[in-house]
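Sequences are here, hints too, so could you generate the full structure?
Those protein sequences? They're chains A and B, same order as listed. Residues in the first sequence are numbered consecutively from 1, following UniProt numbering. Residues in the second sequence are numbered consecutively from 1, following UniProt numbering.
Honestly, the hints are just simulated from the structure, not real lab data. Treat the hints with care, since some could be wrong.
[Unchecked claim] Quick look at which bits of chain A chain B covers, simulated, 3 or more residues with Cβ under 8 Å:
id	stretch
1	196-206
2	694-700
[What the hints assert, rightly or not] Simulated coverage check for chain A against chain B, where a stretch passes if three residues somewhere in it have a Cβ under 8 Å from a Cβ of chain B:
id	stretch
3	69-82
4	394-408
[Unchecked claim] With a cut-off of at most 25 Å between alpha-carbon atoms, the simulated SDA-like pairs for lysine to any residue come out as follows:
id	chain 1	residue 1	chain 2	residue 2
5	A	LYS270	A	THR677
6	A	LYS199	A	ASP710
7	A	LYS701	B	ASP119
8	B	LYS150	A	PRO207
9	A	LYS192	A	THR122
10	A	LYS630	B	ASP118
11	A	LYS701	B	SER124
12	A	LYS94	B	SER79
13	A	LYS315	A	ALA742
14	A	LYS462	A	SER547
15	B	LYS68	A	THR211
16	B	LYS150	A	THR211
17	A	LYS250	B	MET1
18	B	LYS144	B	GLY128
19	B	LYS148	A	PRO200
20	A	LYS428	B	LEU29
21	A	LYS543	A	ASP458
22	A	LYS462	A	VAL318
23	A	LYS94	A	SER9
24	A	LYS250	A	GLN290
25	B	LYS144	A	GLN698
26	A	LYS262	A	GLU680
27	B	LYS9	A	GLN221
28	A	LYS320	A	ASP458
Idealized CB from N, CA, C, for every residue including glycine.
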Amino acid sequence: MSTNNDIKSLSRRDFLRYTSVAGGAFVLGTILPGVSPVWAASETDDSSNTLNLFVSIDNNGTVNIVCHRSEMGQGVRTGIPQIVAEELCADWTKVNVVQGLGDEAYGSQNTDGSRSIRRFYTTMREMGATARTMLEQAAAQKWNVPVSDVFADNGMIVHKPSGKTLGFGELAKAASAQHVPQVKTLTFKSPKDFKLIGKPVTSVDLPNVLTGDTVFGQDVQLEDMLYATIERCPVVGCTVKAYDKDAPLKVANVVEVIEMPKQHFPVLFKNLNGVAVLANNTWSALQGRQALNMQWDLGENQRHDSAAYLADLEKRIVTKGKSIRSAGDAYTAFDSANNTLSATYTVPYLVHAPMEPPAATAVFKNGQCEVWACTQTPQSTQQNVAGALGIDKSMVKVNVTLLGGGFGRKSKPDFSVEAAILAQKTGKPVKVVWSREDDIRHGYYHAISAQHFQAGLDDSGKVTSWVQRTAFPSISWTFTGTTDEPQTGELSLGFGDLPFAIENLSCEVHKAPAHVRIGWIRSVSNIQHGFAIGSFVDEVATKAGISTSDMWLNLIGEDRIVDPKTQGFQYENYGESYDNFPIETKRLKNVLNMLLAKSGANNSTSENEGWGISVHRSFVSYVAVATKVKVENDKVTVLEMHSVIDAGRVVNPDRVKSQQEGAMIFGLSIALMGEITIKEGAIEQSNYHDYTVLRMHQSPKIVTHIVESDAAPGGVGEPGVPPVAASVTNAIYHASGKRIRALPINKHYSV
Amino acid sequence: MIRFNLNSKPVEIDVDPNMPLLWALRDILGMTGTKFGCGMAQCGACTVHLDGQPIRSCVMPLSAIADKEVSTIEGLSASAEHPVQQAWLEHNVPQCGYCQSGQIMSAVALLNEHPDPDDETIDSYMQGNICRCGTYPRIKAAIKTAAKNKQSAFDYSLGKEVGGQA
Ligand code: FES
Ligand code: FES
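Structure follows, in structure tokens:
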């Protein structure tokens, strides 16, 4: 346990400030560690020393636990309270989850990077144990018995000798007057006594989902609200030349046409240039928008063509790049190798396409702005809205709704900024509704990329030289407008942290300027790096005439801790300390071995069928994936997928399982069909018919295995994705002999 | 003025008859359980029943539903006791939940038509409903559970147990 001694007893008013909900008789607050992830580089420094996690107990026994993170299907609104309630010995049926407002007092609220549980596990246990101890003290005082004679159980304090009980509610007031115990004096439950942690507790929001009684960002409705839809510039950086302001106003129920403030590079989270049409309902706004007859000055980026751009990357990536990590002399070793091979892999632009397109509602009154949004980053929303309106961020209140999927899209607050600007201009509540077309065409795209690998083998089949290169436009460009090569933070995602024991190694980057908004999508640069490494290991294994799993085990080498810093790479390790979360080859090999045992991926298959495997560490968790496919009549059918995840201690195994299932399907979408293309600077796709995502008939049988572990909790939402694509293309190779190096697969086969 | 029955109650609205039912439900009637995902019959998030048949409300103009019976997720059963909802609960199906109203409405229609569907029937019936979170394996399992539990007399389209209370 940490040495956090800052748990404090508080007033109801404090609770109100951070949650909009009145607190109970007994309120505790504490500090959560703040952290800024690399892939949100421009965010503010979130570190803060104010209290930020809350538990409050009402006189009626209800335990309110604040969840300061955003729910987007990963189960965080269940997982965080599960941990607190466990140590508190609360009655789970009396736990009420309160969504925290956007406030820097919470420390980082950025719900990305698969960090929610990993970051707060210890602090939340301390919080629960503190509250439990104070309730025990209060009961002992009331009964006038020694504290050692009482214990907490299921929402009550029990007097051991007599068996009499007092409910938490009856003790709430007295507990608040107790002295707050030092963390080092707290006692914690032994994991074997856990009743909630490690158990498949049902999601707290589930009953409402089943009856449609949920409020997502798209569902917010305020009195007198206007519905806005915005025609945005098709090319990033282009500006409005002319439009017909009157035509939309002739559409019934359209009330205003407003040009958005003109913005320049860097794109940041600012609004895109364009024109908003506001109406009394969404449909009328969409009708009005069609009458705008927009004329644009397209600007520089109209020359961007994704096919030509990728061809250029592929041409340059085979040449030597800038080294970011090296050992020995990879080139000399390559030249003197017995056997060599090289390959180039590419991944196109991708977009998140969460089921719920972005939406935000804002009200501006008396110099203050209140926002309701499906945001992964309420504080960034607060800050960017304040910046756009020219007001202090203390004047911006951000309410987090449920998120209809996020995958990284909803950590960009551009849509809230739009709503706030329109609310300020109209003086009315405004909901900005993004259509699916808006979502596909105006995203923050996963970068298009090329990777080149070459390996030299000696006559025993041992790899003696390894060169890997990557090139893709950087997320940092979104914030700087000038960055033109991959940055350390992105290279820390499955590239510079290569866990192989190879004497002669060179990891290199090439330049790649950006022409669209670049963002982070579920597992970020691990997508292209996991695909390339996982594919190349399979190719090297084939060359050496051994199984892919044996090649993995050879390359990973003996049990050890890999420290990329010793080879010159300033590895960022997902913002975690290297002592607590090192790269452990033993865990990597363990998930692989377990996968082989569970899936039978090394067994022979029927004709035209094949298994493919891959393994990858990301977000400080370890995942191995095996996929079985059938290739027949130029069609790929994915038959089954197995995955093994080692994410340290698991709080809610059912939600980890569902995240793994989701990650397999997300990864399959990327591998089989994910592709955004750009012509004359504009996105060519527009909706689910041409930006296809996996549907039920393409979804295979999925089996998930979770490694039982006492290690500190790692990430869960993202680590399942990176090994998927390589496992599929490797399986296709083993089924058909055809190697796919350019994603998506549907460019080569029907799927 | 357009009149129709919404979850067995008559409603009347005075809007452009070209407006798709989805927007009338959400913006005019405040029934936001039916979700917007694509607006062009690609994703199924907006699925409701029209006279017992599943339709995509985002492409169904109000003019086409006059005097008909529309059922939405809110009408299925207020406390989630419908067998499909129960099966969803048992399998802990939803992740973000956004697609689930549409999935449930499609599943109810599927089971009405095919009380004991095999994998292929489920796949082909449900492939119009996207779940970006990837809950397909659980949806499939829940549909099978609902089919199994359904032996009792249950009118799926209306969510009313015959002889019991709504
Ligand atoms: S919103 Fe109607 S099918 Fe997608
Ligand atoms: S549960 Fe999120 S889209 Fe289906």
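Hint-by-hint comparison with the structure:
1. 196-206: holds (count 5)
2. 694-700: Holds: 5 residues of the stretch 694-700 of chain A have a Cβ under 8 Å from chain B.
3. 69-82: holds (count 5)
4. 394-408: Holds: 6 residues of the stretch 394-408 of chain A have a Cβ under 8 Å from chain B.
5. A:LYS270 <-> A:THR677: 23 Å, holds
6. A:LYS199 <-> A:ASP710: Roughly 15 Å between the alpha carbons, so the hint for LYS199 (chain A) and ASP710 (chain A) holds.
7. A:LYS701 <-> B:ASP119: 11 Å, holds
8. B:LYS150 <-> A:PRO207: 20 Å, holds
9. A:LYS192 <-> A:THR122: 17 Å, holds
10. A:LYS630 <-> B:ASP118: Between LYS630 (chain A) and ASP118 (chain B) the Cα gap is close to 21 Å, so the pair holds against 25 Å.
11. A:LYS701 <-> B:SER124: Distance ~16 Å between LYS701 (chain A) and SER124 (chain B) Cα, so the pair holds.
12. A:LYS94 <-> B:SER79: 19 Å, holds
13. A:LYS315 <-> A:ALA742: 14 Å, holds
14. A:LYS462 <-> A:SER547: 13 Å, holds
15. B:LYS68 <-> A:THR211: Within the cut-off at roughly 22 Å; holds.
16. B:LYS150 <-> A:THR211: The hint holds at about 19 Å.
17. A:LYS250 <-> B:MET1: Distance of about 21 Å is within 25 Å: holds.
18. B:LYS144 <-> B:GLY128: 18 Å, holds
19. B:LYS148 <-> A:PRO200: 23 Å, holds
20. A:LYS428 <-> B:LEU29: Status holds; Cα separation ~20 Å.
21. A:LYS543 <-> A:ASP458: Answer holds: LYS543 (chain A) to ASP458 (chain A) is near 11 Å, not above 25 Å.
22. A:LYS462 <-> A:VAL318: 23 Å, holds
23. A:LYS94 <-> A:SER9: Holds. LYS94 (chain A) to SER9 (chain A) sits at ~21 Å (cutoff 25 Å).
24. A:LYS250 <-> A:GLN290: 12 Å, holds
25. B:LYS144 <-> A:GLN698: Answer holds: LYS144 (chain B) to GLN698 (chain A) is near 18 Å, not above 25 Å.
26. A:LYS262 <-> A:GLU680: 21 Å, holds
27. B:LYS9 <-> A:GLN221: Given pair LYS9 (chain B), GLN221 (chain A) holds - Cα atoms ~23 Å apart, limit 25 Å.
28. A:LYS320 <-> A:ASP458: 22 Å, holds
The structure fails none of the hints (numbered hints given earlier).
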